[in-house]
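Asker: Now for the letters of each chain:
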Amino acid sequence: MVHQYKLNGYNIVIDSNSSSVHNVDPVAYDMIALYQTTEAEEIIRQMLLKYGDDPTVTDEELRVVLEDIRALEQSGKLYSPDTFENLDLDLTLRNSVVKALCLHVAHTCNLDCQYCFAAQGKYQGERAIMSLEVGKQAIDYLIANSGTRTNLEVDFFGGEPLMNWKMVKDVVQYARSRELDSHKRFRFTLTTNGVLIDDDVIEFCNKEMYNVVLSLDGRPETHDRLRKDIHGCGSYDVIVPKFKKLVEARGDKEYYMRGTFTHFNTDFTNDLFHMADLGFSELSMEPVVCAPGDPYAITEADMPTVMEHYEILAKDMLQRKADGKPITFYHYMVDLQAGPCIYKRISGCGSGTEYLAVTPWGDLYPCHQFVGETEYCLGNLQDGITNPQKQAEFKQCNVYSHEECKTCWARLYCAGGCAANAYHATGSITGVYEQGCRLFRKRMECAIMMQVAEAQED
Amino acid sequence: MKRIQTLQTRDLEQSVKVGGCGECQTSCQSACKTSCGIANQQCENKNK
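Sequences listed follow chains R and A, in order. Residues 1 to 458 (my numbering) are what the first sequence spells out, left to right. Residues 459 to 506 (my numbering) are what the second sequence spells out, left to right.
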């Protein structure tokens with residue numbers, strides 16, 4: 001399968017199965033589009049007709065281009081067949097291990113964000129705080145079920161994890177104490193709304209957290225519209241100085257300013273640029289996940305604007321880089337040479353198999369977005385997986401189990417997408433969240449365009 | 459004139475042979491939490 005598109009003056013051809021990327025001129029672009037359906041002589045005739053005014057477009061030149069296309073086909077970089085589908089069978093039989101846990105250390109929150117998928121941190125349940133005992137059990141569970149994996153990840157999530165801060169620190173200390181004897185290396189991430197950040201949090205995070213994810217939606221009016229405290233007041237003025245202090249002290253360690261955009265700010269690039277103006281350079285901005293009828297849901301009428309702003313962002317980022325002031329956008333971080341292997345590209349996000357969410361009382365769910373959907377409870381820390389049939393559904397969920405993915409050019413960049421989004425949109429984890437797919441494809445087109453632009457500069 | 463420039467990309471056929479070591483980050487762990495993909499994940503296999 002070949003995907004062709006024009007963006008920012010570039011003519012881009014992606015060979016889906018090999019994930020090869022070609023930057024071509026308009027003549028080659030048209031010839032690649034015709035190559036599989038049209039005789040060579042007819043392609044040449046059509047090109048001479050279309051580009052007759054261009055003295056470089058000659059019969060001889062066009063035959064050279066045809067040879068180049070043929071050579072790419074023969075080397076498996078154009079029109080390549082899908083030779084990976086049979087790997088799917090091995091993946092479903094695999095004896096997977098757990099390598100990441102999302103610890104819901106606080107099912108409560110000090111903000112009342114209207115769009116929160118976790119329903120103000122409670123996940124449709126009661127308010128709860130994870131005990132240190134459960135936190136330690138989670139670390140033990142991860143070590144015991146991670147096989148020979150060395151790198152293990154633990155994300156402190158909520159609700160708002162800083163509402164259980166001492167426990168977070170104690171769990172980190174406990175995990176560190178187990179690293180040597182278990183031959184494991186923990187990478188911790190904290191996702192926070194920032195309200196409770198103080199000097200102790202900053203010092204500890206910058207020492208122990210591999211990554212911190214800081215929730216900021218952008219401009220004050222954007223952020224405060226939906227991210228309010230329990231009294232209905234916006235939280236921007238409280239958190240931004242704290243985020244600045246944390247990031248300034250963080251040095252070169254990883255962090256993300258992570259925003260959510262909604263129907264109310266489809267010009268979300270202006271929110272990202274505001275974050276950049278504040279001095280933040282590592283940025284992420286996600287489309288809101290909610291029911292289609294919610295007032296802040298992204299509508300079909302919003303989609304053209306959203307798509308346009310992904311393009312605006314990509315072009316702006318190229319300019320910022322050229323100006324020596326680059327910013328990073330999480331979804332545009334694509335390394336074409338050092339990216340994932342084919343197993344990763346097929347097997348998906350790992351939810352329910354490699355990645356589990358742990359509730360405050362120690363129940364295991366496929367991921368944070370399934371917590372509260374009781375039929376998706378996979379087991380608990382004490383007894384392990386008690387619902388193997390449900391887990392098997394996730395083990396079998398990969399890029400080839402989504403019928404729609406089979407004809408999608410972006411499938412090996414996405415690996416089948418988010419199981420939770422698919423479930424909430426269609427009732428099945430092997431369905432697809434169509435709006436999310438369209439946004440993902442647009443982001444990939446932009447990300448690859450940026451790679452093409454940078455390769456051309458080199 | 460060169461009308462087709464092919465970018466350097468990872469050889470996925472070769473990665474079938476090397477195998478998936480699984481040491482990489484889980485897709486949803488770093489920043490998105492709601493709309494994951496794998497394109498922005500780094501391979502951590504030192505023997506690839």
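In short, the hints are calculated from the structure, not lab data. Honestly, I wouldn't trust all of these hints.
If the Cβ cut is set under 8 Å, some of the chain A residues that face chain R in the computed set are [stated by the list, open to error]:
{"no.": "1", "residue": "Thr467"}
{"no.": "2", "residue": "Arg468"}
{"no.": "3", "residue": "Leu470"}
{"no.": "4", "residue": "Val476"}
{"no.": "5", "residue": "Gly478"}
{"no.": "6", "residue": "Ile496"}
{"no.": "7", "residue": "Asn498"}
{"no.": "8", "residue": "Cys501"}
{"no.": "9", "residue": "Lys504"}
For every residue, glycine included, the Cβ atom is placed at its ideal position computed from N, Cα and C.
Asker: If you test the structure against every hint from before, which numbers come out violated?
Answerer: 9
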